[in-house]
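Visitor: One letter stands for each residue in the lines below.
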Amino acid sequence: MSLLQMEHVSHRYGSQRFLSRQTERTVLQDVSLTLEAGTCLGLLGQSGAGKSTLGRILLGLERPTAGRVLFEGQDIYRTTANDYRQDIQVVFQDSFAAVNPKMTAGQIIAEPLTNFTRLAPDALQHRLVTLIEQVGLTRADLAKYPNQFSGGQLQRICIARAIATNPKLIILDEAVSSLDMVNKALILALLGELKDKYDLSYLFITHDLQAAQALSDRFVILDQGQIVGEYPTRKAFADATDPHVLAIKNAMLATHPRYRTIRS
Amino acid sequence: MNVPLERPRLLDRLSNQRLILIGCSAFLGLLFLTALAAPWLAPHDPFLVNLAVKLQEPSWTYPLGTDPLGRCTLSRLLYGARVSLGFAVLIFASSLLIGLLIGTLAGYIGGWVDQLLMRFCDGVMAFPSLILVLGLVGIFGPGLKQVIIALMLVQWVYYARMFRGLVMTLKEKNFIAAARVNGSSHWKIFRTHLLPNILPPLLVIGTLEMGWAIMDISAMSFLGLGVQSPAAEWGAMIHEGKSYIRTNPELMIYPGVMIMLVIASFNLLGESLSERFGVTKPPK
Ligand SMILES: Nc1ncnc2c1ncn2[C@@H]1O[C@H](COP(=O)(O)OP(=O)(O)OP(=O)(O)O)[C@@H](O)[C@H]1O
Ligand SMILES: [Mg+2]
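Those protein sequence lines, which keep their order, are chains A and B.
Following the working numbering, the numbering of the first sequence begins with 17 at its first residue and continues without gaps.
Following the working numbering, the numbering of the second sequence begins with -12 at its first residue and continues without gaps.
For reference, chain A alone in the conformation it holds in the complex (with noise of 0.2 Å):
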């Protein structure tokens, strides 16, 4: 059984006015998709491909409006027990919208620690000072704000919060995408390395190609709400040939400094 299976998922958005007529959106169509566990599923796609929406339906944020999200066989839409919030997790790409400004590093990270769990103070304390130290932060940084933080630091704040209660799986949309080059390196090596140490699965959310060949065993690629690809394997990714790989290809092509100098 796989970890995570989507079947015939379809989403429409529809904006909902009292008396008046309903417009609506497709943004998914027919998707299907399994994870296995401990692996890395690459998801690209352009902007506005319906991916973050994906990512959101994965995470029990947003009822599909046909077919099922199974996780580890069970149907999360239709099941009254919330367990499988514990086991998804995420990490999204704006570190500075996906923490409350008004709350600690410590508060932030002990959130899912205190809805999920029930340790006692002091040892939710020790907890805290583990996985503040498993991303690369110091014990100090848990009385911090915020605001006090670097984007990359923040990041590593919802990384830790993201592993805070053992999940299986965590959704990363876009987590490295707005960093740096030298932050996307070193939040990619340890996002690396938690996989291997806690035996994650991860669904790799981005348009940047070179972030998901570093992490991810599969990729799918998706295109105005359908999967238009998948790839098994890194080496037949790289080889694709596929147009939309190419355009993904391009797009990240063009933003580099180099390939501009060239062109012009």
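Quick caveat, the hints were computed from the structure, so don't treat them as lab data.
Even glycine gets a Cβ: it sits at the ideal position worked out from N, Cα and C.
Take these hints with a grain of salt, some might be off.
Claimed, not checked - For lysine-lysine, the following DSBU-like pairs were computed, each having C-alpha atoms within a straight-line distance of at most 30 Å: (1) A:K160 with B:K158; (2) B:K175 with A:K200; (3) A:K184 with B:K175.
What the hints assert, rightly or not - Not everything, but these chain A residues come out facing chain B in the computed CB check (under 10 Å): (4) R72; (5) G76; (6) L77; (7) R79; (8) I104; (9) Q105; (10) V106; (11) V107; (12) F108; (13) N116; (14) K118; (15) M119; (16) Q123; (17) C174.
We have chain A; now place chain B with the ligands onto it with these hints.
Guide: Structure of chain B with the ligands alone, referenced to chain A:
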């Protein structure tokens, strides 16, 4: 070309802001304390009619003189503060609670719940508060209760709309999504994520609105719709004093000055708080 230096002016402004903040809070704090302690501070019974001492000049026994019925003006002012401030707080707190509840629900749930609640708000907004008061007074007769209910019914809509907007922008932030993923209940999200982030604007609006509430109560009482004699209330005192405007203008001036000072303090305080928290006031 000579460019004028901006710096000293900015510094002046900043320290002025601080001065206003401290001064206004001190004045209002003191006023609230005097209102609370009115029974001990007032030299006389504010309702005691004694025609033998009507329209007295200020003296040691009657520091601000007496009114046409021989009642001590200072005592009536002190007791009036209780009514004006007390009911302003009541109107403010109750309309704030209703507005917070409805606005947060509408903004957080969204969809048709939001649409329904907002259409309802639009309906209420269509009635100016004066018309609502006149309607209630027409049905139930003049009285403080009618005025308070009418003002409450009108006020909460502003709060509801404001909180709805604030919550809607907050809801888009991923930390709310992360909180859901982290197993926080909706109630916990409201307490720990929404409320702390809407507190600064709440403080600013609250301060500004308190001034307006006092103004409204006094205005209604002045028009004879709210507080009825013999109760002491600033607006009602102006109303009572207006027949003596030629001979004893101080009967209107004392409560008038109090109203002006209180409203000015609340407004200045609100302005400086809004500057401090970087909150933009919604248009009223
Ligand atoms: N809450 C919403 N209501 C209505 N439409 C939405 C909502 N969220 C997203 N959409 C629309 O759905 C489409 C897909 O959005 P989504 O955020 O999933 O794309 P994405 O692939 O993550 O893009 P990006 O790479 O820019 O993050 C977009 O056209 C967007 O406008
Ligand atoms: Mg996205």
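Visitor: Does R72 of chain A hold up as a contact with chain B if the rule is Cβ-Cβ below 10 Å?
Guide: holds (7 Å)
Visitor: Verify the proposed pairing of K160 of chain A with K158 of chain B, using a straight-line Cα cut of 30 Å.
Guide: At roughly 24 Å apart (the allowed maximum being 30 Å), K158 of chain B and K160 of chain A satisfy the hint.
Visitor: Can the hint on R79 of chain A be confirmed by a CB-to-CB distance to chain B that is less than 10 Å?
Guide: Because about 12 Å separates R79 of chain A from the closest Cβ in chain B, which is outside the 10 Å limit, the hint is violated.
Visitor: Hint check: is the beta carbon of V106 of chain A less than 10 Å from a beta carbon of chain B?
Guide: Hint holds; V106 of chain A Cβ to chain B Cβ min 5 Å, cut 10 Å.
Visitor: Would the hint on F108 of chain A be counted as holding, given a Cβ-Cβ threshold of 10 Å to chain B?
Guide: holds (4 Å)
Visitor: Less than 10 Å between beta-carbons is the criterion; does N116 of chain A satisfy it with respect to chain B?
Guide: Holds - the Cβ of N116 of chain A comes within 10 Å of chain B, reaching about 5 Å at its closest.
Visitor: Under the criterion of a CB-CB separation shorter than 10 Å, is Q105 of chain A in contact with chain B as hinted?
Guide: holds (6 Å)
Visitor: Double-check V107 of chain A for me: the hint is only fine if its C-beta lies closer than 10 Å to a C-beta in chain B.
Guide: holds (9 Å)
Visitor: Measuring from the C-beta of I104 of chain A to each C-beta in chain B, is the shortest one below 10 Å?
Guide: Holds, because the Cβ-Cβ distance from I104 of chain A to chain B comes to roughly 7 Å (cut-off 10 Å).
Visitor: Taking the least C-beta to C-beta distance, is Q123 of chain A closer than 10 Å to chain B?
Guide: Constraint on Q123 of chain A satisfied, holds at 8 Å.
Visitor: Would you check whether K118 of chain A satisfies its interface hint, that is, whether its CB is within less than 10 Å of any CB in chain B?
Guide: With Cβ-Cβ at 4 Å, under 10 Å, it holds.
Visitor: Is the interface hint for C174 of chain A satisfied, with its Cβ closer than 10 Å to some Cβ of chain B?
Guide: Holds, about 8 Å.
Going through the hint list in order, the structure does not satisfy hints 2, 7.
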